[in-house]
Amino acid sequence: MTSDGRIWKCGDDVNTDLIIPGRYLDNYDPSHLASHAMEGIDADFSKRVSPGDVIVAGRNFGCGSSREQAVTALRSCGVRAVVAESFARIFYRNSITLGLLVYESKEARCVFEDGDEAVIDAANNFLSSADGSKKAILMPIPPRLKEVLDCGGLLPYLKNGMQQPPRNPE
Amino acid sequence: MSGRTLSEKILARTSGVGDVKAGEVVEACPDILMSHENTFLVAKAFSQIGVDRPWAPEKIVVVLDHRAPANTCQTATVHASIRDTVRKMGISRFYDVGEGICHQILMERKLVRPGQLVVGADSHTTTAGAVGAFGCGIGATEMAGVWATGRIWLKVPETIRITISGHLEKAVFTKDVALYIASRLGPSGADYKCIEFDGIFLLDVSISGRMVLCNMAAEMGAKAAIAPADSTFGAWSPECTVLPGDACRSDSDASFCQTMELTAEDVPPMVSGPHQVELGRSVEEFEGIDVDQAFIGSCTNGRLEDLIAASWVLKGNKVATTCRLLVAPASRAILRDALDMGVIQTIHKAGGVILPPGCGPCLGAHEGVLGPGEVCVSSSNRNFRGRMGSEDAEIYLASPATVAASAVEGKIADPRRWLKIDL
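Read top to bottom, the protein sequences are chains E and A. Quick note: the first sequence, position 167, residue 167 per the numbering used here, numbers continuous. Position in the second sequence (from 1) plus 1000 gives the number in the numbering used here.
Treat each hint with caution, since some may be false.
Not everything, but these chain A residues come out facing chain E in the computed CB check (under 8 Å) [claimed, not checked]:
1. A1121
2. D1122
3. T1263
Source of the hints: derived by calculation from the structure; they are not laboratory data. Every residue gets a Cβ at the ideal spot worked out from N, C-alpha and C, and that includes glycine.
Chain E on its own, in the form it takes in the complex (with noise of 0.2 Å):
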């Protein structure tokens, strides 16, 4: 089986700051945001990412601000996945809306190494290596949420089918 990327495992709680510092934040261009990307926990991450590559993490997964160039730094810089024990809910909130795949895995963390080759079946809901030796059960996207991220995020979505105004709910 070919494989989809590497495999970049990091800790719990790994906040915005870690993803995308601060300081980065003046300039929206997403190629200036991936050249820094997961910059707080690896230096060269930016320059050894490849396309397809996911991020295997523990709990509390982009926890912190509600910057969304967290997630266009990772996304920009080839990020296929992020699978984690669980997720900050507005890291998770953005990365539907922007389009990267997010997936909850109890036991991804424990199954696989940092470095280990993967593939994502996302019609079962796995992550396998490539060898096929090791498999993690990944927790399945909400459907309403899926349906978004099937369109490649919330701005194709609403394009698609520009609901109509609410009612006033008074």
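With chain E fixed as given, assemble chain A onto it according to the hints.
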């Protein structure tokens, strides 16, 4: 039917359905849509959706606070673009450079009321809970979706009720209570949940103090945090003629996913870090650590009572020659009041540097960026590695009084030595 929490009531009303329970997903119609410099991203995303004007421009609040005044040419261009956007979109609630921090503006301009739903493109939107509103952080592109449709999907959260009894000891503040709670709940202890504050202690706590508690709930992962509106709110907002009733508090038989009880007397002056907010312990355990920079300000602790507490410590004293003290009032109105009361003069005389109203150095963009190896004690909300500048700097979080005492000693210091007067 069992009772409902305040979150359930607010989300039922704003989604136009009679009743919702924790765990359900609703399409809610927020009362306030707030964003700051990231309005640039909101507007860019909005332009791609295919509608000309926001659904309800009168609900939108835009505040320039994070890099204000502009720190770079790029920021200046972003600010100019936002001014253009608010003009074209008919957004009248626009607050330019120097007016203050978005969360502070929402409160002091009385833009948010009890029982309302606020979505903000900033994680500390939880601060709106200080007046009994449900304030929830989202990203900029998602905000563009709310501009366009007037709606947002939200999962109705479970609620953690934190009941606080008693009164604070001398030189202990709501910031210490917040750091104490964070040390017990941890950085994900309230992930996806609402925190509701309750208990006799709240009667002592001003709207400013409630803002501290609700603001810091974001550091525990909370989706929202609420201190229900009561007589303190009534006194703070006399023009609000409709007193909040049952719609603005949880029912007595509402169900909570977790309860926590604490006694205010048990909370010492706290210091937290580095590099995680939940690493808070009593100040005594950190005393003596050399400090290069002390910062008082931010959406957490840049209000008048914070500056007053600092001025009590600083009166007649000088900031240590090895330390710099930076003070950023959270708004223009706070700066004016602090000037009228002589508080700014006291801080200035002691050697403090007064920064313009806004976020200041909290997010590491300007006005006091830390260099490698530097140590900062800060009244802000995050001590993450690299947050205020260099990856090799260290940030310790504390109350404004502890920060001021540390500035005077040039090392992390116990405010009880310097603050002899009851505030």
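These are the hints, each one checked on the structure:
Here the hint on A1121(A) is kept, as its CB sits about 6 Å from the closest CB of chain E, short of 8 Å. Among the interface hints, the one on D1122(A) holds; its C-beta lies about 5 Å from the nearest C-beta in chain E, closer than the 8 Å criterion. At a threshold of 8 Å, the smallest CB-CB gap from T1263(A) to chain E is about 28 Å, leaving the interface hint violated.
Of the numbered hints stated above, the single one contradicted by the structure is hint 3.
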